[in-house]
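Novice: Same order as they appear, the protein sequences are chains A and B.
Heads up, the first sequence is in my numbering, so the first residue is 4 and it goes up one at a time.
Heads up, the second sequence is in my numbering, so the first residue is 3 and it goes up one at a time.
You can trust all of the hints, since none of them are fake.
Below, simulated EDC-like cross-link-like pairs (lysine to aspartate or glutamate); rule was C-alpha separation at most 20 angstroms, straight line:
{"hint": "1", "chain 1": "B", "residue 1": "K145", "chain 2": "A", "residue 2": "E236"}
{"hint": "2", "chain 1": "B", "residue 1": "K36", "chain 2": "A", "residue 2": "D30"}
{"hint": "3", "chain 1": "B", "residue 1": "K173", "chain 2": "B", "residue 2": "D111"}
{"hint": "4", "chain 1": "B", "residue 1": "K137", "chain 2": "B", "residue 2": "E107"}
{"hint": "5", "chain 1": "B", "residue 1": "K145", "chain 2": "A", "residue 2": "E99"}
{"hint": "6", "chain 1": "A", "residue 1": "K131", "chain 2": "A", "residue 2": "E47"}
{"hint": "7", "chain 1": "B", "residue 1": "K36", "chain 2": "A", "residue 2": "E47"}
{"hint": "8", "chain 1": "B", "residue 1": "K36", "chain 2": "B", "residue 2": "D86"}
{"hint": "9", "chain 1": "B", "residue 1": "K36", "chain 2": "A", "residue 2": "E12"}
{"hint": "10", "chain 1": "B", "residue 1": "K36", "chain 2": "A", "residue 2": "D8"}
Just so you know, these hints were derived from the structure itself, not from any lab.
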Amino acid sequence: MILFDFDYERAATLRDAAALLARLGDDARALAGGTDLLPNMRSELVRPGVLVGLSGIEPGPPGLEADGALRIDAVMRLASLAQSALVREKLPLLAESVHAVGSRQIREMGTLGGNLCQETRCLYLNQKHDYQFAAPCFKRGGDCCYPFPRNDRQTCWSVHMSDVAPALMALDAEIEILGPGGTRRIGAADLYTGSGLKPLSIRGAELVSAVIVPAQQRTGWGFHKSTVRGGLEFGMAVIAVSLQLAQDRTTCAAVRVAVSAVRERPLRLASVERMLTGAPLDGQRLAQAATEAGKEINPLPHHGFSRRHLLDNIRVYLRRTLEQAVERARSGCA
Amino acid sequence: MLEVNESTPVAARRSQSRLISLCINGEWREVAVKPRLTLAEVIRDSIGLTGTKASCESGTCGACTILLDGRPVLACLTLAIECDGRQIQTVEGLAEGGKLSAVQEAFLDQGAVQCGFCTPGMLMSVTALLRENPKPGREQINKALEGNLCRCTGYNAIVDAVLQASGQGVKPVME
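Just need the whole structure built from these sequences, with the hints factored in.
Specialist: As structure tokens, then:
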């Protein structure tokens, strides 16, 4: 039950939606699947005056562009994306990450763009305000941070939980953004600001319109979502690896590693990538790189897990995910 | 009534009820809804079909699962106003001519119902699963039901019921 009134406009096309958002200003929010926005409205984390509904916009099927890149409409439902034969064949890493999102119902409702643009989370922030201890936190316009009493920087240490974003970053995907001034493209990592107060770099009247993933050749991949139950939860860490081997099938030619559910934004692990690129990938090197990752990530404690536990979890699962990617790259080259 | 045009300040808007038509279990119904009403509220309070349960209302329990154009979705996180002209099936629509569906019978046979609060959502998820995969394995059943929580933790009987309903050699434990 949402306890305040708002209005609703149905957009027939994405262009209409962008125009409506531009006209209505900050009071309006775009509503795609609603699996993130509506619970946040219920807890009154956001109180829009108007929702611009995108559910009437039919996504086209994912299509190959001239250069072999795959273009996917942002309004595509996660369930259809995970079932798309083309995506499963060309981008198994993306299909796997989409399959790890929420539950069957959430995937039937949620869209690709909505998953990327989800709100950050923390045990305190995503509560009904009545249940909060005393006063609103920084993100709700207050003057303190309850989960982190020593946070005196007027900032918000909530965590971005997208399962799909790290996969797209590992695949070097680009995001197409539609705004009043037309479309522009940014790298997947640039969608995020790194600030918990305002996690997304896109402006109010802009919408994520499509995701473009370049062709992946002779690539091994690994994906892991650490959870307690194994279904319908936000991850303790979500790790995506995309890796290419040189002709000798041992040396790493190129690698991209991205992790989410650790900080205010999904992270590319540059130091891990540097350690692996050009090096022979034996077990020792992978273990070293995974240990190094902890220093770079410095995870925010979230969902009741301690920093120490999260670091141990990342060290172990990053090594296993890297091993999985190497294994796949080797069998692919054979 | 307030005229809304481009020069009206947005803050002065009052959301109005709009008339929508829903085809619920094969029967077209017209309902006046405010934009803030969820499909679960409309199904339960306006239409009066209380089989669909509203529980967590934040997408974590699955008790409100219904089939919207054949796809299992959460009625508590769907705005009713977005469902104008669409096909909805609730747990009341599973029985045909007073006869329970095979899935419902299997739930009874396996004692897969304890307190019963999750059962309508479970039945809808299972119905959707068996339509696209008539012989799912245990792992596929677990994955398909990951969004439906049973706080009585009676999952084994529920999985057995799905296996029985799909004719995979599980015999009824209750006659």
